[in-house]
Amino acid sequence: MTLGEFRGEVLRGTEWFGHDFAGQRVAVVAPGREAAQIVPEVAATALSVKVFQEEPDWVVPMPVPGPSVVGVAVARVFLRWQVKDPWIRRLLTPDRRFGSRKTALGLGYYGALKRPGCKLITWPVYAFAPNGIRTAEGIEHRADVVVLGASSHFAPEGRTG
Amino acid sequence: MAYDFAAMLQTIKDKQWSLADIDWDAPGAETMTNELRAKMRPFMADLVWIEHVGARGFASLAKKAPTPEIQEIYRYFHAEEQKHANAELALMKRWGMLDEDGSMPEPNINVKLAIKVLDDFGDTLPLTALATLIPLLECALDGALVKFLLEEVSDPVCHQVFRHINSDEARHITADFEVLELIGAGPTHKLLTESIGSLKPQIVLGLIVVFVPLINKMRDNIVAMGLPEKKLYNAVKRFSTIGGRGEFTKRIPAYHVLKAQAAMIVDRSHVYHRFLADPMVKATRLIPAKLLGKPQSWTEEITHEPVAS
Numbered sequence: 001m002t003l004g005e006f007r008g009e010v011l012r013g014t015e016w017f018g019h020d021f022a023g024q025r026v027a028v029v030a031p032g033r034e035a036a037q038i039v040p041e042v043a044a045t046a047l048s049v050k051v052f053q054e055e056p057d058w059v060v061p062m063p064v065p066g067p068s069v070v071g072v073a074v075a076r077v078f079l080r081w082q083v084k085d086p087w088i089r090r091l092l093t094p095d096r097r098f099g100s101r102k103t104a105l106g107l108g109y110y111g112a113l114k115r116p117g118c119k120l121i122t123w124p125v126y127a128f129a130p131n132g133i134r135t136a137e138g139i140e141h142r143a144d145v146v147v148l149g150a151s152s153h154f155a156p157e158g159r160t161g
Numbered sequence: 001m002a003y004d005f006a007a008m009l010q011t012i013k014d015k016q017w018s019l020a021d022i023d024w025d026a027p028g029a030e031t032m033t034n035e036l037r038a039k040m041r042p043f044m045a046d047l048v049w050i051e052h053v054g055a056r057g058f059a060s061l062a063k064k065a066p067t068p069e070i071q072e073i074y075r076y077f078h079a080e081e082q083k084h085a086n087a088e089l090a091l092m093k094r095w096g097m098l099d100e101d102g103s104m105p106e107p108n109i110n111v112k113l114a115i116k117v118l119d120d121f122g123d124t125l126p127l128t129a130l131a132t133l134i135p136l137l138e139c140a141l142d143g144a145l146v147k148f149l150l151e152e153v154s155d156p157v158c159h160q161v162f163r164h165i166n167s168d169e170a171r172h173i174t175a176d177f178e179v180l181e182l183i184g185a186g187p188t189h190k191l192l193t194e195s196i197g198s199l200k201p202q203i204v205l206g207l208i209v210v211f212v213p214l215i216n217k218m219r220d221n222i223v224a225m226g227l228p229e230k231k232l233y234n235a236v237k238r239f240s241t242i243g244g245r246g247e248f249t250k251r252i253p254a255y256h257v258l259k260a261q262a263a264m265i266v267d268r269s270h271v272y273h274r275f276l277a278d279p280m281v282k283a284t285r286l287i288p289a290k291l292l293g294k295p296q297s298w299t300e301e302i303t304h305e306p307v308a309s
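The listed protein sequences correspond, in order, to chains A and B. Residue 161 is where the first sequence ends in the numbering used here, and the numbering goes up by one at each step. Residue 309 is where the second sequence ends in the numbering used here, and the numbering goes up by one at each step.
Accuracy of the hints is not assured; some may be wrong.
To be verified - Not the full set, but computed from the structure, chain A residues with beta-carbon under 7 Å of chain B: (1) Q82; (2) A112; (3) G138.
Stated by the list, open to error - Chain A side only, calculated, beta carbon under 8 Å to chain B, not exhaustive: (4) F98; (5) S100; (6) E140; (7) D144.
Don't read these hints as lab results, they were simulated from the structure. Even for Gly, the Cβ is constructed at its ideal location relative to N, Cα and C.
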């Protein structure tokens with residue numbers, strides 16, 4: 001998978017941290033564990049943010065000591081408390097069998113997703129077009145900047161277009 | 001030899017297409033006459049909603065998939081059904097079938113019931129039941145309806161869109177039945193326990209109340225358009241034809257139940273129509289939509305815009 005012909009700016013690693021996104025439409029392409037850290041920071045300055053969540057992860061508001069089952073229980077309560085829409089909650093819930101059992105820190109993640117300019121997208125990303133991202137539900141999502149999570153499917157690839 | 005689901009997943013990824021690939025303003029929209037427009041509008045609205053509900057069905061299947069690869073295939077199928085609904089809505093817009101604000105047409109009561117059942121029970125249905133039901137609906141509704149549309153409409157953009165959709169649907173049917181083969185090859189005790197698990201009264205009743213009238217309602221719409229219902233029946237027959245080719249599918253009890261239902265659907269003189277399906281179409285018409293409550297927010301995800309800013 002490559003970034004193809006995308007003509008906008010691409011931020012990798014921690015380049016998004018402290019970056020000013022004023023007036024920009026930002027696409028965050030990352031698994032939930034990384035989106036939980038990236039999105040609150042990006043949403044603070046961006047014009048709009050689309051979160052292309054590659055897979056959901058359990059998100060906790062603070063470090064939870066003990067076995068992972070405790071962390072997952074805390075994450076479930078946090079999700080239920082923060083996200084009232086049952087469909088969005090379903091999209092944010094890891095798969096019971098093949099999904100992650102680890103938890104990621106993200107106190108402001110769900111709050112950021114509720115901001116008016118922020119949208120969660122879980123459709124598979126299949127291509128980068130010159131002006132945006134194409135997902136398998138047939139829509140091209142325009143973006144000025146793409147923030148790639150370190151473990152995104154697209155992260156290992158360089159710009160080829 | 002075991003089916004190569006990894007190769008199928010790669011093909012699915014390679015064959016992706018976008019609404020943005022299609023020139024929605026290309027000539028041909030004028031072939032839609034006022035008479036045809038009036039006749040096709042309710043049909044198209046039903047088609048869009050059936051694709052949209054089919055998408056939700058795949059979302060539930062993804063939760064039950066037996067392997068991560070099949071889960072990923074279902075994830076793509078979920079998105080592709082949504083893409084079909086989006087593309088068909090874009091065709092409706094091209095043909096002037098939408099209101100000025102471009103809003104989605106209201107689903108009929110049978111579609112609303114299907115949405116309600118999928119929201120309430122979709123994710124709790126056992127894999128065998130859901131994986132058998134989805135191909136029947138795909139054969140019966142998707143396959144048949146798309147063929148009708150292509151016979152009625154000469155707009156080249158419509159034919160371009162449906163070349164993509166038919167190609168996607170062929171892969172859906174192939175993968176659906178290969179998954180049935182995989183499930184059917186599993187241990188007998190698992191097939192039996194899952195089948196018994198499907199027999200909860202609320203699930204059985206929900207499925208009868210929803211899917212029995214849904215197919216007959218669609219038949220009524222097709223007949224109202226002056227088209228032969230025989231074609232719908234031929235499409236339903238594909239379910240048992242393709243299923244019958246498999247070595248292990250016949251070990252799945254749910255397959256036999258739905259095959260028997262398919263046989264009743266295609267036999268117009270069967271008491272199934274007179275005493276169950278047709279009366280249920282009439283009875284469901286009387287259900288006040290308010291009783292069903294607000295559907296989940298996935299029903300608002302549909303769009304005719306190829307590009308989102």
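Evaluated hints:
Annotation: interface hint on Q82(A) violated; nearest CB of chain B at approximately 16 Å, more than 7 Å. The beta carbon of A112(A) comes no nearer than 18 Å to any beta carbon in chain B, farther than 7 Å, and the hint placing it at the interface is violated. The beta carbon of G138(A) comes within 3 Å of a beta carbon in chain B, closer than 7 Å, and the hint placing it at the interface holds. Interface restraint check: F98(A) against chain B, minimum CB-CB distance 5 Å, threshold 8 Å, status holds.
Interface hint at S100(A): violated, since its Cβ lies 12 Å from the closest Cβ of chain B, which is beyond the 8 Å cut-off. Of the supplied interface hints, the one on E140(A) holds, with its beta-carbon coming within about 4 Å of a beta-carbon of chain B, less than 8 Å. For D144(A), the shortest C-beta to C-beta distance to chain B is roughly 10 Å, which exceeds 8 Å, and the interface hint is violated.
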